[in-house]
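*Asks:* Start from chain A and add chains B and C according to the hints.
The lines below spell out each chain.
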Amino acid sequence: MPISISIRTDSRIDMIDITSMVQKKIMDAGVTDGICVVYVPHTTAGITINEGADPAVCMDIMTRLDELIPRNGSYRHMEGNSDSHIKSVITGSSITVPVERGHLVLGTWQKIFFCEFDGPRSRKVYVAFG
Amino acid sequence: MPISISIRTDSRIDMIDITSMVQKKIMDAGVTDGICVVYVPHTTAGITINEGADPAVCMDIMTRLDELIPRNGSYRHMEGNSDSHIKSVITGSSITVPVERGHLVLGTWQKIFFCEFDGPRSRKVYVAFG
Amino acid sequence: MPISISIRTDSRIDMIDITSMVQKKIMDAGVTDGICVVYVPHTTAGITINEGADPAVCMDIMTRLDELIPRNGSYRHMEGNSDSHIKSVITGSSITVPVERGHLVLGTWQKIFFCEFDGPRSRKVYVAFG
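Protein chains in written order, with the working numbering: chain A, 1492 to 1621; chain B, 1492 to 1621; chain C, 1492 to 1621.
Read the hints as simulated data drawn from the structure, not as lab findings.
Certain hints may be false.
Same chains, same label: a pair holds when it works inside one copy or across any pair of copies.
Stated by the list, open to error - Mimicking SDA-like on lysine to any residue, the simulated pairs with C-alpha atoms at most 25 Å apart in a straight line are:
{"#": "1", "residue 1": "K1515", "residue 2": "P1546"}
{"#": "2", "residue 1": "K1515", "residue 2": "L1595"}
{"#": "3", "residue 1": "K1515", "residue 2": "W1600"}
{"#": "4", "residue 1": "K1615", "residue 2": "L1595"}
{"#": "5", "residue 1": "K1516", "residue 2": "A1547"}
Pulled out of the complex, with its shape left as it was, chain A reads as follows:
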């Protein structure tokens, strides 16, 4: 089984900072240099990297995605979560970050966020190395 991180989301849409959990998996695996891939095995969730200092940034990201891809559009998929699938396509299913001396090489303001688009649910992400 791949290295995985379990996440519990609390609302329909949410962005959860998982940076420290990913960093811990790098430590546990003893990886020092290369690239780290964080992969989302769900089709109604995504992952992204953006600012973690001001929570308003995440709110603006989620609000604008909702305006561009509204929940109540005229969709064919009957489960009521087509917007979640489309948002997942837009953010993508994985992020890749360089690792140096055992640490994620992130910019000053960057955090890794799990993006919930159809919660609340129990979710997981995989961490792999290249």
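*Replies:* Relative to chain A, chains B and C alone:
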């Protein structure tokens, strides 16, 4: 030459499930563990991972992308496919998936889709490992 | 420190072709085969791969992103650059390209573009290998 998969698309926009073709290339290459990158060398096509069970999901994805980035907008590029280039930027040119014991580690509902935005054409994707 | 490329952007939004700079870093590192990751450590910039032959394509990409995510929307983040953060989420923070015999395996029309969404600024990208 990199490992490549040839695809023939039949209409202007389309999403084609290439999961089993990618899985076969992993087998052929004898790769057991690491990460698999599937790369699109075209500027009017993309690649994504999403639900493969209900075809309505792909229809909803393509329809909403078309609504957000219409074919007949006021573009400067004169070839009539600016929308295709922009959709390619939004989906991205590659996906990355962990590999374990020779298998793609996909979620239950996930399939890898080649996204045609300016077909019908003969296309290809590259498969590389990290 | 990771391998990095410094970039100076001249306007608020811009797409800068960094393909030859990335290729040079591959040469300098002596990498022959595998995958190359180009990573943006900023939260108001992005990276993408698209057509480099006709500059109108980049203009169309940036114009449509601006129409979908206007600078003067009703955002909560008070720094006046929420649109830049959201555009960064949409393009993504990294691209991954196969490398063969020391060369990026790009398609005929593909170039790697640094996407400035909140310039002018001094920026950098990291180049890593998997």
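*Asks:* Does the structure break any of the earlier hints, and which numbers would those be?
*Replies:* Going through the list in order, the structure violates hint 5 alone and respects the others.
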